[in-house]
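J.: Protein chains in written order, with the numbering used here: chain A, 1 to 252; chain B, 1 to 252; chain C, 1 to 252; chain D, 1 to 252.
Incorrect hints may appear among the rest.
Each pair may be met inside one copy or between any two copies, as identical chains are not told apart.
Computed cross-link-like contacts, BS3-like style, restricted to lysine-lysine with a CA-CA straight-line distance of at most 25 Å [claimed, not checked]:
1) 158 - 223
2) 158 - 67
3) 150 - 67
4) 117 - 67
5) 67 - 177
6) 209 - 117
7) 209 - 177
8) 77 - 113
9) 205 - 129
10) 77 - 15
11) 177 - 150
FYI, nobody ran anything at the bench for these hints, they're computed from the structure.
4 protein chains.
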Amino acid sequence: MESIRTIFYEEPELKDPVLIEGLPGVGNVGKLAAEHLLDQLDAVKFADIFSKHFPPQVTVDDDGLIKLVNNELYYAKDVGSGQDLIILVGDYQGLTPEGQYELSDNIIEVARKFGVKRIYTLGGYGVGKMIETPRVLGAATDEELIEEMKENGVEFSKGEPGSGIVGASGLLLGLGKIYGIGAVCLMGETSGYFVDPKGAEAVIKILAKILDMDIDLSDLEEKAEQIDMITSKLKEIEAPNEPKREDLGYIG
Amino acid sequence: MESIRTIFYEEPELKDPVLIEGLPGVGNVGKLAAEHLLDQLDAVKFADIFSKHFPPQVTVDDDGLIKLVNNELYYAKDVGSGQDLIILVGDYQGLTPEGQYELSDNIIEVARKFGVKRIYTLGGYGVGKMIETPRVLGAATDEELIEEMKENGVEFSKGEPGSGIVGASGLLLGLGKIYGIGAVCLMGETSGYFVDPKGAEAVIKILAKILDMDIDLSDLEEKAEQIDMITSKLKEIEAPNEPKREDLGYIG
Amino acid sequence: MESIRTIFYEEPELKDPVLIEGLPGVGNVGKLAAEHLLDQLDAVKFADIFSKHFPPQVTVDDDGLIKLVNNELYYAKDVGSGQDLIILVGDYQGLTPEGQYELSDNIIEVARKFGVKRIYTLGGYGVGKMIETPRVLGAATDEELIEEMKENGVEFSKGEPGSGIVGASGLLLGLGKIYGIGAVCLMGETSGYFVDPKGAEAVIKILAKILDMDIDLSDLEEKAEQIDMITSKLKEIEAPNEPKREDLGYIG
Amino acid sequence: MESIRTIFYEEPELKDPVLIEGLPGVGNVGKLAAEHLLDQLDAVKFADIFSKHFPPQVTVDDDGLIKLVNNELYYAKDVGSGQDLIILVGDYQGLTPEGQYELSDNIIEVARKFGVKRIYTLGGYGVGKMIETPRVLGAATDEELIEEMKENGVEFSKGEPGSGIVGASGLLLGLGKIYGIGAVCLMGETSGYFVDPKGAEAVIKILAKILDMDIDLSDLEEKAEQIDMITSKLKEIEAPNEPKREDLGYIG
Chain A
1 MESIRTIFYE EPELKDPVLI EGLPGVGNVG KLAAEHLLDQ LDAVKFADIF SKHFPPQVTV
61 DDDGLIKLVN NELYYAKDVG SGQDLIILVG DYQGLTPEGQ YELSDNIIEV ARKFGVKRIY
121 TLGGYGVGKM IETPRVLGAA TDEELIEEMK ENGVEFSKGE PGSGIVGASG LLLGLGKIYG
181 IGAVCLMGET SGYFVDPKGA EAVIKILAKI LDMDIDLSDL EEKAEQIDMI TSKLKEIEAP
241 NEPKREDLGY IG
Chain B
1 MESIRTIFYE EPELKDPVLI EGLPGVGNVG KLAAEHLLDQ LDAVKFADIF SKHFPPQVTV
61 DDDGLIKLVN NELYYAKDVG SGQDLIILVG DYQGLTPEGQ YELSDNIIEV ARKFGVKRIY
121 TLGGYGVGKM IETPRVLGAA TDEELIEEMK ENGVEFSKGE PGSGIVGASG LLLGLGKIYG
181 IGAVCLMGET SGYFVDPKGA EAVIKILAKI LDMDIDLSDL EEKAEQIDMI TSKLKEIEAP
241 NEPKREDLGY IG
Chain C
1 MESIRTIFYE EPELKDPVLI EGLPGVGNVG KLAAEHLLDQ LDAVKFADIF SKHFPPQVTV
61 DDDGLIKLVN NELYYAKDVG SGQDLIILVG DYQGLTPEGQ YELSDNIIEV ARKFGVKRIY
121 TLGGYGVGKM IETPRVLGAA TDEELIEEMK ENGVEFSKGE PGSGIVGASG LLLGLGKIYG
181 IGAVCLMGET SGYFVDPKGA EAVIKILAKI LDMDIDLSDL EEKAEQIDMI TSKLKEIEAP
241 NEPKREDLGY IG
Chain D
1 MESIRTIFYE EPELKDPVLI EGLPGVGNVG KLAAEHLLDQ LDAVKFADIF SKHFPPQVTV
61 DDDGLIKLVN NELYYAKDVG SGQDLIILVG DYQGLTPEGQ YELSDNIIEV ARKFGVKRIY
121 TLGGYGVGKM IETPRVLGAA TDEELIEEMK ENGVEFSKGE PGSGIVGASG LLLGLGKIYG
181 IGAVCLMGET SGYFVDPKGA EAVIKILAKI LDMDIDLSDL EEKAEQIDMI TSKLKEIEAP
241 NEPKREDLGY IG
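Work the whole structure out from these sequences, hints included.
T.: What follows is the structure, encoded as structure tokens:
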């Protein structure tokens with residue numbers, strides 16, 4: 001068995017598509033954001049990615065149907081001002097460093113095959129405390145992109161993230177740069193303690209502005225309110241010692 | 001040395017055989033069940049599977065004879081209503097995730113070579129407490145199979161197993177699905193604390209019904225009684241704090 | 001770089017040589033025994049084995065000269081009743097299970113190239129307590145060999161070693177069996193707490209009998225006496241709780 | 001993706017260049033020394049080395065620009081008495097033993113391609129206490145080199161480093177020896193507790209003497225003074241229990 005097996009169910013014709021990655025990470029911000037996009041854009045799955053670098057495991061749904069753990073590729077056409085999108089989601093990132101490199105390299109190959117001109121990786125930036133209004137921090141492969149992002153409200157803050165960007169959200173930028181594909185990481189601030197729909201909302205708002213999309217956020221807002229209620233109750237029960245900001249790196 | 005070396009001692013002619021897997025896992029339910037089948041069906045070993053993914057170890061028998069740790073393939077012809085079987089047993093599963101994928105992929109190749117049309121993987125479902133009458137839970141690659149299993153007494157219960165199925169019992173379903181081989185995992189309930197012949201008995205009863213086999217269970221019943229006696233005595237000595245059900249995943 | 005690089009400095013012509021392995025393990029019994037043989041037989045190094053599976057490390061001798069960590073192959077001609085020997089020694093075994101398999105498989109290839117007809121792997125059998133007169137336990141690839149070993153004083157004891165034989169001393173038997181090379185593991189009893197010349201002495205005595213060699217053991221006896229003195233002193237200082245026998249497996 | 005991808009931006013013509021390695025290690029002595037050389041010699045980057053054996057990570061600079069973690073190759077021409085240099089620096093060494101071997105083997109290939117005749121690997125030698133005047137210890141591939149080093153003030157001390165040399169600083173010597181490239185490891189004494197510019201200074205002084213270079217050391221001296229001030233203050237606050245010398249190995 002090859003290390004990675006990508007099975008295409010369709011070979012969509014896409015015009016200069018933008019690739020958006022949202023895999024599990026800090027606060028699952030990127031995963032939540034990308035999955036919300038899938039729903040709102042009625043995106044179509046066109047490929048499954050299976051790999052030895054994922055856990056040797058199947059998930060079982062409520063009916064008893066199994067699914068080998070995987071990553072999935074979706075497309076959405078004519079989004080916002082006419083842009084085509086490829087969206088990468090999944091339950092896992094690679095289990096080892098080598099696996100992470102191979103999986104991201106495989107995605108870059110897919111990106112090149114479909115003529116991807118820009119990559120956005122979505123993630124959370126763990127700050128170790130509850131955030132009322134999360135900022136969206138950025139990192140990118142070149143200066144022009146950084147300027148463009150700033151105009152759209154992305155913040156670039158000296159020393160943040162100090163520990164770099166780990167995982168697919170980082171590697172797709174690093175490998176993209178080698179292959180000449182402009183790439184941006186959008187990191188929504190999050191405590192890092194919970195799955196964080198508020199961070200995901202902040203990321204999508206910025207991405208919607210960049211891509212000129214109109215995305216309904218009511219689902220995420222509802223989830224954010226539920227999380228707020230739970231954490232408020234938890235706060236009443238116990239006043240925790242807040243871990244220091246520097247304890248929390250970014251994983252992507 | 002290749003990663004996996006399968007040595008065939010015979011190339012049996014089998015008609016649409018069913019593959020049954022019973023490797024070590026929770027309560028060794030699957031291993032016990034498959035080994036009981038081997039005995040009762042006078043199955044014939046036709047292949048050894050050696051692999052770098054197993055421990056670098058030989059076992060030594062009572063006479064001093066060594067055996068490199070392996071997995072083994074047996075066949076049994078004209079079972080039940082005329083069905084041929086391939087049975088996979090062994091002392092170990094792969095030590096790493098990559099190893100698990102490669103070993104299961106290798107089994108699927110063997111399955112395809114012999115024209116296997118259906119796979120049953122046997123395992124235990126750890127529930128963290130002693131079970132009087134273990135249920136047999138199921139998971140499968142498609143809905144028709146689920147219906148067929150329900151008719152044979154297999155239970156499909158929402159949220160069970162919540163954590164999915166890990167190891168060969170899961171991968172053979174996941175990879176089988178990719179290659180179009182219908183596959184079912186039969187999980188006998190077990191505490192997960194002991195090697196559990198009672199869970200194995202429950203699994204075989206169901207499998208015998210499915211395959212229309214007549215299997216003598218007295219050996220397993222005897223072993224189950226011995227375990228019952230031991231655990232009863234242990235209970236008298238100490239009243240343990242039962243771990244919570246959610247602490248115990250399924251590994252297969 | 002290939003995983004294993006074997007550099008031959010000479011291609012000796014050997015007649016049906018016997019391969020003897022003594023790599024680090026429990027009590028370093030096998031290593032001590034094999035190195036003692038090298039000295040006593042004036043064996044000649046004919047190959048270095050370097051590998052990614054060893055630690056990424058050089059050793060530095062007293063003059064400041066470095067050596068990449070390795071395994072080494074020596075030969076000795078016309079030993080005992082006219083037998084040629086190949087002796088495998090080294091500072092390390094492979095760091096991973098895969099590495100162990102690849103390294104042992106590589107040795108089997110060398111063995112086949114030189115027409116090796118018999119393999120003896122030397123090791124320690126940890127019993128968790130000080131032993132006055134260590135037995136030499138055996139395990140082998142076939143029954144004839146077991147009989148032959150018994151005649152030479154090797155003991156075969158039901159349930160020993162219960163946990164099998166791990167590492168090169170096991171794999172060379174397991175892989176040898178696959179390739180039809182008769183192989184024996186000779187395990188000298190040892191506490192497992194110290195480097196144990198007494199265990200090594202016991203192993204060499206048996207091996208000398210088998211191969212009809214006359215080996216001076218005074219060096220090992222001297223070392224054994226030194227260790228005895230140290231352990232006697234330690235016993236005076238503290239009366240330790242002896243670990244139970246079943247806590248100690250065999251690694252070889 | 002290949003395991004290691006070396007991207008050359010220039011193919012400089014170099015005459016019998018000397019390769020100098022300074023990757024992270026004990027006290028970052030080698031890294032500091034090599035980076036100081038880069039600055040003082042206005043060395044030119046001619047290659048990036050990316051690898052699956054590095055962490056799956058990008059660094060982010062103060063402007064928000066990312067860089068995939070890597071090793072880098074620089075050259076400097078006509079240094080000292082007319083010598084050309086290749087200098088290897090980077091943020092990481094390989095994460096696994098196999099990775100370390102592959103990365104060092106790749107460097108040796110580059111060295112052979114450019115006709116490198118001598119390798120100096122720079123590192124720290126951790127002694128577990130503050131050192132007023134650090135010695136520079138050596139290890140080398142042959143006796144002539146050791147004599148040459150002694151004449152330049154490198155110390156060769158029996159039993160130091162007792163645990164050998166781990167990582168690139170060791171492997172480049174070990175693999176260099178196999179390929180017939182003379183190689184020396186220069187180890188500046190360091191406590192091992194801090195990034196240690198004083199150890200780096202000592203190493204550069206020796207290297208400058210060997211290569212007849214005139215290197216300004218004021219930057220490193222300044223940094224060393226800053227570290228001295230910090231450690232003096234720390235000493236006032238707490239009188240730590242000094243770990244024993246034997247607790248600290250050398251990693252290079």
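J.: Run through the hints listed earlier and report the numbers of any the structure violates, in increasing order.
T.: none
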